[in-house]
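Student: Each chain is listed here by its residues.
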Amino acid sequence: MAISPEALLTALIARTNFSPADREVLKANQDWGAQLAPTMSDHFYAYLDRDPEMAAVIAKHNRQRLGETFIAWFKEMFTGMDDWGSQYAQRRWKIGIVHVRIGIGPQHVVPAMATVVLEVGQQIREQGKPEDLRTALAKVCMMDLSFIEQAYLESAYRAVQQETGMSEALFKRLIATGIS
Amino acid sequence: MANLAALQSILQGFVSSTPDVQGAAVVTPDGLPLASLLPPGMDEERTSAMSAAMLSLGERIGREFARGNVERIFVQGEKGYGVLTSCGSEAVLLTLASHEVKQGLLFLEIKRVSEKLASALV
Chain Y
17 MAISPEALLT ALIARTNFSP ADREVLKANQ DWGAQLAPTM SDHFYAYLDR DPEMAAVIAK
77 HNRQRLGETF IAWFKEMFTG MDDWGSQYAQ RRWKIGIVHV RIGIGPQHVV PAMATVVLEV
137 GQQIREQGKP EDLRTALAKV CMMDLSFIEQ AYLESAYRAV QQETGMSEAL FKRLIATGIS
Chain X
26 MANLAALQSI LQGFVSSTPD VQGAAVVTPD GLPLASLLPP GMDEERTSAM SAAMLSLGER
86 IGREFARGNV ERIFVQGEKG YGVLTSCGSE AVLLTLASHE VKQGLLFLEI KRVSEKLASA
146 LV
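Sequence order for the protein chains is Y and X.
When we follow the working numbering, the leftmost residue of the first sequence carries the number 17, and every step to the right adds one.
When we follow the working numbering, the leftmost residue of the second sequence carries the number 26, and every step to the right adds one.
The hints are simulated quantities; they were obtained by calculation from the structure and are not laboratory data.
It should be emphasised that the depicted structure is a prediction, and the values quoted were computed from it without experimental measurement.
Hints are supplied without guarantee of correctness; some may be wrong.
Stated by the list, open to error - Distance windows between CB atoms, simulated:
no., chain 1, residue 1, chain 2, residue 2, range
1, Y, Ile118, X, Ala30, 48 to 56 angstroms
2, Y, Met97, X, Ile86, 42 to 50 angstroms
3, Y, Ile118, X, Ser114, 21 to 29 angstroms
4, Y, Lys43, X, Gly113, 52 to 60 angstroms
5, Y, Glu184, X, Val147, 53 to 61 angstroms
6, Y, Asp98, X, Ala30, 38 to 46 angstroms
7, Y, Glu184, X, Ser41, 31 to 39 angstroms
8, X, Val147, Y, Gln123, 26 to 34 angstroms
9, Y, Ala192, X, Glu103, 43 to 51 angstroms
Said to hold, decoys possible - Cβ-to-Cβ under 10 angstroms is the rule here; a few derived chain X residues that face chain Y:
no., residue
10, Thr53
11, Pro54
12, Asp55
13, Gly56
14, Glu70
15, Ala74
16, Ala77
17, Ala78
18, Glu84
19, Arg92
20, Asn94
21, Val100
22, Lys104
23, Gln128
24, Leu130
25, Arg137
As the list claims (entries may be wrong) - One-sided excerpt, in silico: chain X residues whose CB lies under 7 angstroms from chain Y:
no., residue
26, Arg71
27, Ser81
28, Leu82
29, Arg85
Even for Gly, the Cβ is constructed at its ideal location relative to N, Cα and C.
Kindly generate the complete structure, drawing on both the sequences and the hints.
Tutor: Okay, structure coming up:
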C-alpha cells in the first residue's frame, strides 16, 4: 500500500476534525450503539436486498455471518477498538479489502453508507440522543467509507503494477495523460 | 545529473543523420520526457508515458515468457515503425521510423545512439 492504514487513519482524523470530544461522546454511547446494532443491520440488509446487483452479491454469502460482521463493525464505531489507533486502522483496511474481493464497488458502498448515516441520524433524533453523537458518527462513517474507497484504488494500482511492472509514478502519469 | 542539452543534441544528430528516422524521444522509466524530437502533432507528455509503460510491460512479458532480457519492443504499423529500447536503467529511447527504413541499419543506429545516451546520462 502506498499509504499505510495507520497513516491513512491519521490523515482522515485530521481531515474530518475527529476530535477528543467526538471520541468521548461515542464511547459514552457505546451501550446504546450495541443495542441498536441489530436493528441497523436489519435496515442495512433490507436496503441491499432492494438493489438487484447487491442482492446478487449478498446471496453468495452467509447472511447470518454478514449480519454479525455488520453488527461488529457498527459497535466498533462507538468503541474505536484501540481508541482509533493501529488496530482500528488495520481492521478498517481489512474491511476495505474484503469489499474489493467480493466485488462491492464505490457505486454500491457510498449509497449504502449514506443509508447507515441517515438511519442512525433518525434513531438519534427519535431516541433523544445528543446532536454531537450524530456528528461524531457521521465523521466515523466517512472515515470508514474512505478506507473502502482507498482499498479499491490501492488494489487496482497494485494489480496493474504487479502485472505490468510499472512504477507507481508511471501508472499515475498514464492516468493523468490519459484523462482528456 | 543528466545533461539535457547533450541528450537533445544526440537525438538531433540521430534523427537528422539516419535515413527515414522521423522522430525520437528519451524518457525516464517513470515516463517523464528528458529530450525529444517528435513529429508535429505528437504530445510529448503522453508519448513519454506510453513509451515507458510499453517498455515496462514488454520487459515484464519477456520475463513471464522466459525470453531473457528484452532487447527492444518493436511496433510495426502500416505507416512505419516504433522502437523502444533501454538506455541503461535510467532512460528509455523511443525511435519512430518510416516504412521505408532498412531495419538492420535502424537497429544498428539505435544501439549506437543508446550507448551515447546512456553515457550522457551518467
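Student: Next step is simple, just say for each hint if it's right about the structure.
Tutor: So, going through the hints one by one against the coordinates:
no.: 1; hint: Ile118/Y x Ala30/X: 48 to 56 angstroms; in the structure: holds, 54 angstroms
no.: 2; hint: Met97/Y x Ile86/X: 42 to 50 angstroms; in the structure: holds, 44 angstroms
no.: 3; hint: Ile118/Y x Ser114/X: 21 to 29 angstroms; in the structure: violated, 40 angstroms
no.: 4; hint: Lys43/Y x Gly113/X: 52 to 60 angstroms; in the structure: holds, 58 angstroms
no.: 5; hint: Glu184/Y x Val147/X: 53 to 61 angstroms; in the structure: violated, 26 angstroms
no.: 6; hint: Asp98/Y x Ala30/X: 38 to 46 angstroms; in the structure: violated, 56 angstroms
no.: 7; hint: Glu184/Y x Ser41/X: 31 to 39 angstroms; in the structure: holds, 37 angstroms
no.: 8; hint: Val147/X x Gln123/Y: 26 to 34 angstroms; in the structure: violated, 49 angstroms
no.: 9; hint: Ala192/Y x Glu103/X: 43 to 51 angstroms; in the structure: violated, 30 angstroms
no.: 10; hint: Thr53; in the structure: holds, 9 angstroms
no.: 11; hint: Pro54; in the structure: holds, 7 angstroms
no.: 12; hint: Asp55; in the structure: holds, 4 angstroms
no.: 13; hint: Gly56; in the structure: holds, 4 angstroms
no.: 14; hint: Glu70; in the structure: holds, 5 angstroms
no.: 15; hint: Ala74; in the structure: holds, 5 angstroms
no.: 16; hint: Ala77; in the structure: holds, 5 angstroms
no.: 17; hint: Ala78; in the structure: holds, 6 angstroms
no.: 18; hint: Glu84; in the structure: holds, 6 angstroms
no.: 19; hint: Arg92; in the structure: violated, 14 angstroms
no.: 20; hint: Asn94; in the structure: violated, 13 angstroms
no.: 21; hint: Val100; in the structure: violated, 17 angstroms
no.: 22; hint: Lys104; in the structure: violated, 22 angstroms
no.: 23; hint: Gln128; in the structure: violated, 27 angstroms
no.: 24; hint: Leu130; in the structure: violated, 30 angstroms
no.: 25; hint: Arg137; in the structure: violated, 27 angstroms
no.: 26; hint: Arg71; in the structure: holds, 4 angstroms
no.: 27; hint: Ser81; in the structure: holds, 5 angstroms
no.: 28; hint: Leu82; in the structure: holds, 5 angstroms
no.: 29; hint: Arg85; in the structure: holds, 4 angstroms
Comparing the model with each numbered hint stated earlier shows that hints 3, 5, 6, 8, 9, 19, 20, 21, 22, 23, 24 and 25 do not hold.
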